[in-house]
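Between the sequences and the hints, there should be enough to build the whole structure, so can you do that?
Protein sequence lines correspond, in order, to chains P and B. In terms of the numbering used here, the first sequence opens at residue 1 and continues consecutively. In terms of the numbering used here, the second sequence opens at residue 1 and continues consecutively.
Simulated from the structure, these hints should not be mistaken for lab results. Please note: incorrect hints may appear among the correct ones.
Listed below are the simulated DSS-like cross-link pairs for lysine-lysine, each with C-alpha atoms no more than 30 Å apart in a straight line [said to hold, decoys possible]:
| # | chain 1 | residue 1 | chain 2 | residue 2 |
| --- | --- | --- | --- | --- |
| 1 | B | K280 | P | K44 |
| 2 | B | K164 | B | K25 |
| 3 | B | K209 | P | K56 |
| 4 | P | K25 | B | K193 |
| 5 | B | K272 | P | K135 |
| 6 | B | K97 | P | K105 |
| 7 | B | K97 | P | K135 |
| 8 | P | K127 | B | K209 |
| 9 | B | K272 | P | K44 |
| 10 | B | K209 | P | K19 |
| 11 | B | K25 | P | K130 |
Listed next, with one range per pair, are the computed distances between beta-carbon atoms [as the list claims (entries may be wrong)]:
| # | chain 1 | residue 1 | chain 2 | residue 2 | range |
| --- | --- | --- | --- | --- | --- |
| 12 | P | D47 | B | E112 | 29 to 37 Å |
| 13 | B | K147 | P | M17 | 35 to 43 Å |
| 14 | P | M17 | B | E161 | 21 to 29 Å |
| 15 | P | K166 | B | R29 | 41 to 49 Å |
| 16 | P | K166 | B | R104 | 20 to 28 Å |
| 17 | B | S246 | P | S117 | 25 to 33 Å |
Here are some chain P residues pointing at chain B (derived, C-beta under 10 Å) [unchecked claim]:
| # | residue |
| --- | --- |
| 18 | M17 |
| 19 | Q82 |
| 20 | P86 |
| 21 | I125 |
| 22 | I155 |
| 23 | S157 |
| 24 | E169 |
| 25 | E170 |
Just so you know, these numbers come straight off a predicted model, no measurement behind them. Glycine included, each C-beta is placed from N, C-alpha and C at the ideal position.
Each chain, letter by letter, is given below.
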Amino acid sequence: MEYKRMEKRTSLAFSNMVKSRLGGKTITSCYQCGTCASSCPVAKITDKFNPREIIKLSLLGEREEVLSGDSIWLCCSCYNCQERCPQKVEIADVIYALRNMAFEKGHIPNLYSEFASAIINDGRIAKISKFMEQKRPAIGLPPLQPTGVDALRKILSATGFDKLQKEKEEAS
Amino acid sequence: MTGYALFLGCTIPARQPNYELSGRKALARLGIELVDLANMTCCAPPPVQSIDFETSLSIAAYNICLAEEADLNMITLCTGCFESLAMTNAMLKENEKLREDVNRILSKAGKEFQGSKEVKHYLQVLKDDVGVERIKQSVSKPLSNLKVASFSGCHLLRPSELLKFDDPERPRIFDDLIEALGAKSIEYRNKLKCCGGLLRGYADDLALKIAREKLVNTTKAGADCISTLCPFCFLTLDMGQLMIKSKFQEEYNMPVLHYAELLSLALGIDPKELALEFHKIRVDRVLYKIG
Ligand code: SF4
Ligand code: SF4
Chain P
1 MEYKRMEKRT SLAFSNMVKS RLGGKTITSC YQCGTCASSC PVAKITDKFN PREIIKLSLL
61 GEREEVLSGD SIWLCCSCYN CQERCPQKVE IADVIYALRN MAFEKGHIPN LYSEFASAII
121 NDGRIAKISK FMEQKRPAIG LPPLQPTGVD ALRKILSATG FDKLQKEKEE AS
Chain B
1 MTGYALFLGC TIPARQPNYE LSGRKALARL GIELVDLANM TCCAPPPVQS IDFETSLSIA
61 AYNICLAEEA DLNMITLCTG CFESLAMTNA MLKENEKLRE DVNRILSKAG KEFQGSKEVK
121 HYLQVLKDDV GVERIKQSVS KPLSNLKVAS FSGCHLLRPS ELLKFDDPER PRIFDDLIEA
181 LGAKSIEYRN KLKCCGGLLR GYADDLALKI AREKLVNTTK AGADCISTLC PFCFLTLDMG
241 QLMIKSKFQE EYNMPVLHYA ELLSLALGID PKELALEFHK IRVDRVLYKI G
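Structural data, given as structure tokens:
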């Protein structure tokens, strides 16, 4: 009995945590109909990913499994499910909320960690090579304007983004 | 002349000068002036939203502030940028609490989001400011007989509640604009389905499988080319064909052209001025067909 109550409490605690995050607020409206999974281009070709399952595990409080697993990173953010959910669950945004929580725990795929470093260093996630920059006048493009890296860094430090990324870099 | 602050983003200048050139040339011909503002940054697309949503909203809002300060609406060529910026613009205009939170962050960079401007994808600008009729009249080299498989990409249409672009299940704007050039916009299976582009680099196998389906379906429907609006979709479908060739030993040779490129050709701009050599899959077949 005591165990059951505790279990209920952890699941509630986790779904409340997701609910309180940006993007996460609709998670508890899910009634597990599966419309999302049947609209999902990724779920269609692999059994490693199923949005309905991610929501279910989150509602059951399976925090570790959800946040440290691969699955949440397999959504391609196409928003097809979100358009069609009869309960208006913002599924793609819920997945962002879960990814954000995973980032705070230091669980992010290397690719994303590279994106984070690129933003901090260059203010861009795709680097513009010297080659491309020099090519511009030859093909009739105007010179590139400077990037607002300084302003961006101030924003990144105000949200704590740079600090979290540093911790992740140091840990790995 | 209607003026817009051009939000160029990262992927286009990094990899697709062909897109930028055609976009600039075609819009100039149609009387849309693009203003290049200093100090813009990454738009904070889905990969950044995935890391920290609040940061991504703040970055997008910062860029919108630059347009607000210049008293200009913003235009994007990239659909990814459109989604990040237009979504942020809508969220912050609607939600006062969120706007306050973001403005607290922006104040550190000396900015304040007002919510006084629009963010538009260039397709929307073509439809609203130029109009389908005027585009038809401006065509000097109709793309007659060209069968085009339009692929708008996810982030032009969805999340529709925030982007409010076109009907997310039965969109028409893109197809109408293709037909305004004299081409035929064809139907094909799973037209609105994602290209899988955002899985590239993380789950390449899955990404390629999804992209391959698009090539199979457009080939079956007899398309002469696919037309895209987004540099990510373009990469996934154009360069993706080389990866599909090495992985599945299948060759599609399906030219992929941005809508701005088709538009430029129809407006009579010389193909030699469009840096078409940046395409991995040659577009000769299309140029030949339109004569
Ligand atoms: S479509 Fe909506 S209600 Fe149905 S399972 Fe998915 S998230 Fe839950
Ligand atoms: S947004 Fe993610 S979960 Fe939803 S349909 Fe697209 S890939 Fe699947």
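Do the hints match the structure? See the list:
| no. | hint | verdict |
| --- | --- | --- |
| 1 | B:K280 / P:K44 | holds, 29 Å |
| 2 | B:K164 / B:K25 | holds, 27 Å |
| 3 | B:K209 / P:K56 | holds, 27 Å |
| 4 | P:K25 / B:K193 | holds, 26 Å |
| 5 | B:K272 / P:K135 | holds, 15 Å |
| 6 | B:K97 / P:K105 | holds, 27 Å |
| 7 | B:K97 / P:K135 | violated, 45 Å |
| 8 | P:K127 / B:K209 | holds, 27 Å |
| 9 | B:K272 / P:K44 | violated, 42 Å |
| 10 | B:K209 / P:K19 | violated, 33 Å |
| 11 | B:K25 / P:K130 | holds, 24 Å |
| 12 | P:D47 / B:E112: 29 to 37 Å | violated, 48 Å |
| 13 | B:K147 / P:M17: 35 to 43 Å | violated, 51 Å |
| 14 | P:M17 / B:E161: 21 to 29 Å | holds, 25 Å |
| 15 | P:K166 / B:R29: 41 to 49 Å | holds, 48 Å |
| 16 | P:K166 / B:R104: 20 to 28 Å | holds, 22 Å |
| 17 | B:S246 / P:S117: 25 to 33 Å | holds, 29 Å |
| 18 | M17 | violated, 14 Å |
| 19 | Q82 | holds, 6 Å |
| 20 | P86 | violated, 14 Å |
| 21 | I125 | holds, 5 Å |
| 22 | I155 | holds, 5 Å |
| 23 | S157 | holds, 7 Å |
| 24 | E169 | violated, 13 Å |
| 25 | E170 | violated, 17 Å |
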